[in-house]
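Peer 1: Now for the letters of each chain:
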Amino acid sequence: MIVRRLVDGVDERLDGTSFIKRNLRKVFPDHWSFMLGELALYSFALLLLTGTFLSLFFVASPAETVYRGPYAPLQGREVSLAYDSVLRISFEVRAGLVMRQTHHWSALVFVAAMTAHLVRVFFTGAFRKPRELSWIIGVTLLVLGIGAGFTGYSLPDDLLSGTGLRIIYSAVLSIPVIGTWLAYLFFGGEFPSAELIPRLFVMHILLIPALIVGALSAHLALVWHQTHTQFRPQGTPEESVTGTPVWPKFALKSVGLAFMTFAVLTGLGGLVQINPIWLYGPFLPYSAPSPAQPDFYAGWLEGLLRLWPNWEFHAFGHTIGELFLPAVVVPGIIFTALALWPFIEARVTRDTAMHHDAQRPREVPVRAGVGAAGIAFFVLLMLAGSNDVLAKYLQVEVDTLNGVLKVLLFVVPVLVFAITWWICRDLRARDAAPIARPARVEFRRNAAGGFDESHDGAGPGAGPGEPVAARPADREDP
Amino acid sequence: MKRPERIAAAAFSVAIAAALALFVAYVQGSGPQAEGVLLALALGGVGVGLLVWATRLMPHIRDETQPRKKTTPATEADRESAVETVEAGVDEIKRRRFLSRLLVGAAGALGLAALIPIRSLGRSPGDSLFRTKWTSGARLVTSDGTPVTSSTLEIGSFITVFPEGHEGSSDSQAVLIRVAPDQLQLPPERGAGAPDGLVAYSKICTHAGCPLGLYLAATHELRCPCHQSTFDVLDSARPVYGPAPRPLPQLPIEIDGAGGLRATGDFTDPVGPSFWEEA
Chain A
1 MIVRRLVDGV
11 DERLDGTSFI
21 KRNLRKVFPD
31 HWSFMLGELA
41 LYSFALLLLT
51 GTFLSLFFVA
61 SPAETVYRGP
71 YAPLQGREVS
81 LAYDSVLRIS
91 FEVRAGLVMR
101 QTHHWSALVF
111 VAAMTAHLVR
121 VFFTGAFRKP
131 RELSWIIGVT
141 LLVLGIGAGF
151 TGYSLPDDLL
161 SGTGLRIIYS
171 AVLSIPVIGT
181 WLAYLFFGGE
191 FPSAELIPRL
201 FVMHILLIPA
211 LIVGALSAHL
221 ALVWHQTHTQ
231 FRPQGTPEES
241 VTGTPVWPKF
251 ALKSVGLAFM
261 TFAVLTGLGG
271 LVQINPIWLY
281 GPFLPYSAPS
291 PAQPDFYAGW
301 LEGLLRLWPN
311 WEFHAFGHTI
321 GELFLPAVVV
331 PGIIFTALAL
341 WPFIEARVTR
351 DTAMHHDAQR
361 PREVPVRAGV
371 GAAGIAFFVL
381 LMLAGSNDVL
391 AKYLQVEVDT
401 LNGVLKVLLF
411 VVPVLVFAIT
421 WWICRDLRAR
431 DAAPIARPAR
441 VEFRRNAAGG
451 FDESHDGAGP
461 GAGPGEPVAA
471 RPADREDP
Chain B
1 MKRPERIAAA
11 AFSVAIAAAL
21 ALFVAYVQGS
31 GPQAEGVLLA
41 LALGGVGVGL
51 LVWATRLMPH
61 IRDETQPRKK
71 TTPATEADRE
81 SAVETVEAGV
91 DEIKRRRFLS
101 RLLVGAAGAL
111 GLAALIPIRS
121 LGRSPGDSLF
131 RTKWTSGARL
141 VTSDGTPVTS
151 STLEIGSFIT
161 VFPEGHEGSS
171 DSQAVLIRVA
181 PDQLQLPPER
191 GAGAPDGLVA
201 YSKICTHAGC
211 PLGLYLAATH
221 ELRCPCHQST
231 FDVLDSARPV
241 YGPAPRPLPQ
251 LPIEIDGAGG
261 LRATGDFTDP
271 VGPSFWEEA
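Sequences listed follow chains A and B, in order. Residue numbering for the first sequence follows this note's numbering, starting at 1 and increasing by one per position. Residue numbering for the second sequence follows this note's numbering, starting at 1 and increasing by one per position.
Hints listed in this document are in silico derivations from the structure and should not be mistaken for laboratory results. The C-beta atom is built at its ideal place from N, Cα and C for all residues, glycine as well.
Each computed EDC-like pair below joins lysine to aspartate or glutamate, with the alpha-carbon atoms no more than 16 angstroms apart: (1) K26/A with E239/A; (2) K26/A with D63/B; (3) K26/A with E64/B; (4) K406/A with D388/A; (5) K133/B with E190/A; (6) K129/A with D357/A.
A few chain B positions that, by computed beta-carbon distances, are all more than 12 angstroms from chain A: (7) A106; (8) G108; (9) A180; (10) E254.
Covered stretches of chain B (in silico footprint by chain A; criterion: 3 or more residues with CB under 8 angstroms from a CB of chain A, positions within the stretch not fixed): (11) 23-34; (12) 164-174; (13) 264-278.
I would like the entire structure built from these sequences, with the hints used as guidance.
Peer 2: Quick look at the structure:
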């Protein structure tokens, strides 16, 4: 009855019945890997919820105070109001620590899920025309997610976050011509300035989340409008989508996934300690923690800084600082190339056609090779980003390890590309000329009591030379 | 009840129980572990219930196949007319050439005006990156303000020092190290600023600005904990390993009549990572 009146009401005002009907029956193709984007979406939802709670207690101020809370080792220490308020959230606000840790875990899963989603879309060619814009917005979301994470873990004003901020400040300072001005305008003056924490706070809770919500809405609207790519089941026409209708099955499944994501993240938030800032201590400009590792998504940037040679350029009374290449130019090139990949690939392959079918990685060996080599490159840089810890575990000198990593950084991606390319080509060739099934031989008893033998090619999938498995069938629900 | 239905019912029941238990845990202040686990059970119960319901209990209609909406529904004529509409509008605006040029000018001027609030964000760098709080005669003190004397340090040890009155200052932090005087290999003009084997350098790494925390007395090297840049203390803090491109600036010091240490001027070079205005 209520539904009836709702539908009537909407239809009278917005002429929307056909819209409702069409969209409730819209089908979504199903594949486990399509879940990765949803995972990112739901961890972002939890970030907003827990973040709102935290923002009610956080004090974005560098002003000094004396800690008088329940955490004994820091009692009587001079700390900033920001640090003090995070300790309060952790030790005094009821359920504050579980919220804070869940927030941090959600941030890690958010970026990780976006990365995995990006990798999936890359290897299956789901970024191809007409979905280039979705891809570009997706890369933008990844950058925004990293920015949100960075501004977030810089807020508590602890020793570790202060070190990260100082490195970013130094990177901005290294930019030619405008670097010093840019650093002074952005950071409010020479590091560490009193303006910094309030600014990071505004970026973290207003500017970046607003941009993420905007970009995310556009991303989802595009998926909805353009529909998913999919591994099209055999026998369905090219211009079709096959899958589960939104209402009620897909909706229930997706909401179920949302709750599972929340469950895992709150479980982690309660049980697995993360960013225990009381152990790091408050930020002191003349102290740096050792060893110091950033959150995982900044690890490859940190690795670049650690391995880059000490090149610096001086000319005409000016200097281009060492950090400019590894901290500004190289990441800039990497993200630009990533964002433009659909156009780069289309140009190289001279492919201007529309594509709605997802590809298996083997179908485009060169792309799969590039993707695998890229992953190897980032993993090596991440290892380099924690070379001090790694050296300790491996019991080698950091200098030796750095030397090895520098060589591996050039060798391994090339090898990985070659191996991936070779495997994919081989798999593709097997798909094209699969092992023939033995022809079916039928014996039939005849009236004379003997047997007739017939080599029969009829019957489904029985003919010689027919593929054993050409495409994976759409997932079968039990 | 079918088995999946029993599983879903159990899951929802767990969710109810856990959510109610959460109230008790909250009121008693049971801490993050209990809260986290109960939240996970409550949320996970709903999640499992929904997933089992959707995948195992909803009738499995064969996956539906729908025609994909064409992304290019417009006809050639439609597109042509869209282009014409846009162009006609542009022509109409362009017709008033004088006005349209003024409009572009106004937009540009407004763009420039928008820089005003950006300028307010920070002060001019000026020469602030070229100097620190060290002045000739400034007394060397530790982070808690204790004056440093020529007998504070033994050979092979080091401390962090600040100009008196600016304890904790970021750009003025310096390391004071004592080595055997005959080991120092400073250029002649710098030697006077390192009396009795006491030599002071900026504590800020010239790579990314981290404070140098490690002094390896055996090799007389200062090492940065962030990216492992390493400087030779005996040889004007020349970088010997890692990504740092420049030596650490030296702080010239002297021993005053009472045995206290004082700076005889600012650092020999701008401290910290390189920037454009630097030579």
